Every structure is written in C-alpha cells, then in structure tokens.
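If you count by the working numbering, then the sequence shown holds residues 1 to 160, one letter each, in order.
Misleading hints may appear alongside valid ones.
To be verified - Here are the computed lysine-lysine pairs in the DSBU-like style, where the Cα-Cα straight-line distance is at most 35 Å:
1. K105 / K79
2. K136 / K31
3. K117 / K135
4. K81 / K136
5. K135 / K31
6. K79 / K135
7. K136 / K98
8. K81 / K98
9. K31 / K81
Stated by the list, open to error - Per label pair, the in silico range of CB-to-CB distance:
10. L64 / L150: 34 to 44 Å
11. S93 / Q115: 17 to 27 Å
12. E30 / S140: 21 to 31 Å
13. K135 / P159: 23 to 33 Å
14. A157 / T12: 32 to 42 Å
No lab work stands behind these hints: they were computed from the structure. Just so we're clear, the structure is a prediction, and the values are computed from it rather than from any experiment. Glycine is no exception: its CB is placed at the ideal position from the N, C-alpha and C atoms.
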Amino acid sequence: MKESHISIQRGTPQDIPALFSLIQGLAEYEKAPHEVTNTVEQLHQDAFGEQPLFGFWMAYEGDLPVGMAMYYFRYSSWKGKCLYLEDLYVLESYRKRKVGIELFKAIVRQARQDQCKRISWQVLDWNQPAIDFYKKLDASFDAEWVNCALDQSQIEAFPL
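My request is simple: use the sequences and hints to build the entire structure.
Structure (structure tokens):
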C-alpha cells in the first residue's frame, strides 16, 4: 500500500469549516458533543477579525482535513509570553501515522518564532493515548495545579 502524503499548513479563512468539523470530532471523542456552542462564523471572526484571538495549523491528506492544532498566546507573570495549545486532534484513522507529531512540531515552530517561554496544554486524565503521546514528547506533567473555571451562565450570574 502506497504511503500517502500529509501536509501541515497554517490555517486560513478557507479552513474554518474544516476546523469546525474537526472540533466537533474532538468533542465526540471527548464524549462532550453537546458542549460545542461555537460556530463557523464565530471561529472566523475570532481567528481573522481585527484582533485575532487564536491561530491554528491544519493537517491535510490531499484535500481531506485529517487533523488540527489550535493555539493562542497567554502571559505568565513569572516567564513572559507563552503559547497555549488549546486543541490537538487527529482523525482516528490517521493516528499512529505521525500526523500528531507533525502538528506538534508546527506548534513548537510557532512558539519559537514568537519567542515564547513555554508551551502548555491540558489532557483529560482518561485519555491514555494522548497522555502516552505527550510522554513520548518528553512533556512535563504537573499534578500540583487544579483547573478552575466559570462557565458562561456562572459569569452572567456572578454578583457584582
């Protein structure tokens, strides 16, 4: 069987529908499809509007989108500019074909280009394939920090 070529490219406005489809695939994989409230239109505005909020890389086999990596910048009072990897997702049938590592390399190149002091991300504790993937990359795992959040309804209900 002939090995197909996977290309990794910076996300463009034309990639937004494919990105959204992959986001939905990730939500299905993470057993939370009902949690996706974002839209193609909102993603387009947030990625390519006057003040872009995130960037992304896409993996394609020919014209078929097979993976993505979304990121944005944050700031550490101790370190300075950091890159946060929001999502890295590869279609199941393309895993173990080095698509994930190529997307991760694109994120590392982005962090170097933007002179980031750290790349950070989260992984669900039950997602052993992802944990194993990141261990192979020699990533540090930090059990000391606890994630905290307010969802939209909590933000709206918060007494001011």
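The hints, checked one at a time:
1. In summary, the hint linking K105 to K79 is supported, as the alpha carbons are separated by about 22 Å, within the 35 Å threshold.
2. As the CA atoms of K136 and K31 are separated by approximately 25 Å, the hinted pair is consistent with the 35 Å bound.
3. Of the supplied pair hints, the one linking K117 and K135 holds, its CA atoms being roughly 20 Å apart against a limit of 35 Å.
4. With a C-alpha separation of about 25 Å, the suggested pair K81 and K136 falls inside the 35 Å cut-off, and the hint holds.
5. For a cut-off of 35 Å, the pair hint linking K135 to K31 stands: about 23 Å separates their Cα positions.
6. Straight-line distance between C-alpha atoms of K79 and K135 comes to about 23 Å, which keeps the hinted pair within the 35 Å bound.
7. For the hint linking K136 to K98, the alpha-carbon distance of about 12 Å falls within 35 Å, and the restraint holds.
8. Taking the CA atoms of K81 and K98, the gap is near 28 Å; set against the 35 Å cutoff, the hint holds.
9. The straight-line distance between the Cα atoms of K31 and K81 is roughly 32 Å, inside the 35 Å bound, and the hint therefore holds.
10. For the pair L64 and L150, the beta carbons lie near 38 Å from each other, so the given range of 34 to 44 Å is met.
11. Against the hinted window of 17 to 27 Å, the Cβ-Cβ separation of S93 and Q115 comes to about 36 Å, which falls outside the hint.
12. Between E30 and S140 the CB atoms are about 22 Å apart, so this pair conforms to the stated range of 21 to 31 Å.
13. The hint said 23 to 33 Å for the Cβ distance between K135 and P159, and at roughly 43 Å that hint is violated.
14. With their beta carbons about 38 Å apart, A157 and T12 fall inside the hinted range of 32 to 42 Å.
Of the numbered hints stated above, those contradicted by the structure are hints 11, 13, listed in ascending order.
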